[in-house]
Structures are given as C-alpha cells and as structure tokens.
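Every letter in the sequence shown is one number past the one before it in my numbering, and letter 144, counting from 1, is 144.
Treat the hints with care, as some may be off.
Calculated cross-link-like contacts (lysine to any residue; reagent style SDA-like; alpha-carbon spacing at most 25 Å) [unchecked claim]:
hint : residue 1 : residue 2
1    : Lys86     : Thr97
2    : Lys86     : Cys55
3    : Lys86     : Gly174
The calculated label-pair distances, taken between Cβ atoms and stated as ranges, are [what the hints assert, rightly or not]:
hint : residue 1 : residue 2 : range
4    : Glu108    : Asp204    : 32 to 42 Å
5    : Gly18     : Gly174    : 40 to 50 Å
6    : Gly184    : Asp25     : 36 to 46 Å
7    : Ala12     : Arg109    : 42 to 52 Å
8    : Ile21     : Asp204    : 50 to 60 Å
9    : Ile128    : Arg96     : 46 to 56 Å
10   : Ala192    : Glu4      : 21 to 31 Å
11   : Gly13     : Ser153    : 22 to 32 Å
12   : Ile6      : Asp176    : 39 to 49 Å
13   : Val83     : Ile196    : 16 to 26 Å
Hints were generated in silico from the structure; no laboratory data involved. From a predicted model like this one, the values you see are computed outputs, not experimental measurements. We put the beta carbon where it would ideally sit given N, CA and C, even for glycine.
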Amino acid sequence: MSSESIPVADLAGLDAIGGRIIVGDLEPDTDLADLDLEECRIERAGLERSTWRRCSFDTCTFVGVNLSMSRLVDVRFAECTMVESKAQAVSWTGLRTSGLAERPISFERCRLDYSSFMEVDLRRARFIGCSLVDADFAGSDLRETEFVDCDVSGTRFAGADVRGARFAQVRGLGLDVRETRSLGLRVDTAAALDLIATMGIEVDD
C-alpha cells in the first residue's frame, strides 16, 4: 500500500483506485457512483449523509470513519473490515457480497445503532464489540454470522435466517426463534436464557 494519501473528495469521477490511504471529509449529500476500491485504507473520513451507488470494496479497511445516515445502493463488499467507526442510521439494504469471499465484512467496535440490514445477505459477517441498538435484520441472511460482545437491545430479527450463527456475550437479545430459521444456532448461556425469555418461558432456580 502506498503511504501517499488521497482526499476522499477526489474519488468523484474516478472509476478505480487501489492500494491507497483515503482521508478527509465529503460534503453532505455527496453521491459517489461506479467506483471500485481495492486494498485501500479509509482513515478518519467523514462520509455522513453520503450515497454510494454501484461501488465495490475489495480487501479494504475503514478506521475511525463516520458513515452515519448514509445510503448504499448496489454496493459490494469482499474481505473488508470496519474498525472503531460510526455508521448509525445507515441503510445497508443495498449491500451485496461476493460469493467467493471467505467473509464479506467484519465490524469491530463500531456504532451501528438504528441501521437497517433488512433482507441483506450477511453470511459469515462478523460483529465484534459493536452497538446495534434498534438495528433491523428482518429477513436477512445471517447464516454463520457472528455477534460477539455486542449490544443488540431492540434489534429485530423477524424472518432472518440465523442457521449456524453465533451469539456470545451479547446484551439485550430479543430474537424469537419461532420467527426465524435457526437450526444450528450457537449461543452462550446468557443468550440462551434471553431466547427462552423471549418465548415467555421462566426458568426456575
């Protein structure tokens, strides 16, 4: 990767860029389209209220990025990581993943509250140490997806496919297995008790 950085605003008009560090802020309501990024590192960039259309991110890392209230329209992720970033009230419904990627995207210590992942294919994605308060995963494909040390209070999973998914050290889990496909779902003891409580079952000491 080149040590030379490029302002994120300079991405407008480009069709591809690789191996660069991307910094700076976008003006609110900026619309970026038809852009392919490969092995880039996006650092401390202000991307709030932006729209990304028909873009792809391959093996990219986002660090300290603010993507809040942004919108993704037909955007592909493959082997990407988002770390210590803020992406609240984001519409991820236009996210698509590469079937060839081992893992489409990992979120680590991110704030993703109030975001919509409705009907998104998130197979094998990872959420580690994230806040997902009032997020919406209704109808999404979460097979083999991991949620570890996350706050999922108020998060909706109705109609989601959570077969083989893993929930560990999560807080506020309100998933109702009667409303999901859950064969092979993996949970720790605390999450198991949350699942039982969601069904109105009380556990005697």
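Comparing the hints with the structure gives:
{"no.": "1", "hint": "Lys86 x Thr97", "verdict": "21 Å, holds"}
{"no.": "2", "hint": "Lys86 x Cys55", "verdict": "20 Å, holds"}
{"no.": "3", "hint": "Lys86 x Gly174", "verdict": "23 Å, holds"}
{"no.": "4", "hint": "Glu108 x Asp204: 32 to 42 Å", "verdict": "38 Å, holds"}
{"no.": "5", "hint": "Gly18 x Gly174: 40 to 50 Å", "verdict": "42 Å, holds"}
{"no.": "6", "hint": "Gly184 x Asp25: 36 to 46 Å", "verdict": "43 Å, holds"}
{"no.": "7", "hint": "Ala12 x Arg109: 42 to 52 Å", "verdict": "30 Å, violated"}
{"no.": "8", "hint": "Ile21 x Asp204: 50 to 60 Å", "verdict": "57 Å, holds"}
{"no.": "9", "hint": "Ile128 x Arg96: 46 to 56 Å", "verdict": "22 Å, violated"}
{"no.": "10", "hint": "Ala192 x Glu4: 21 to 31 Å", "verdict": "50 Å, violated"}
{"no.": "11", "hint": "Gly13 x Ser153: 22 to 32 Å", "verdict": "42 Å, violated"}
{"no.": "12", "hint": "Ile6 x Asp176: 39 to 49 Å", "verdict": "46 Å, holds"}
{"no.": "13", "hint": "Val83 x Ile196: 16 to 26 Å", "verdict": "34 Å, violated"}
Going down the numbered hints, you'll see the structure goes against 7, 9, 10, 11 and 13, while the others check out.
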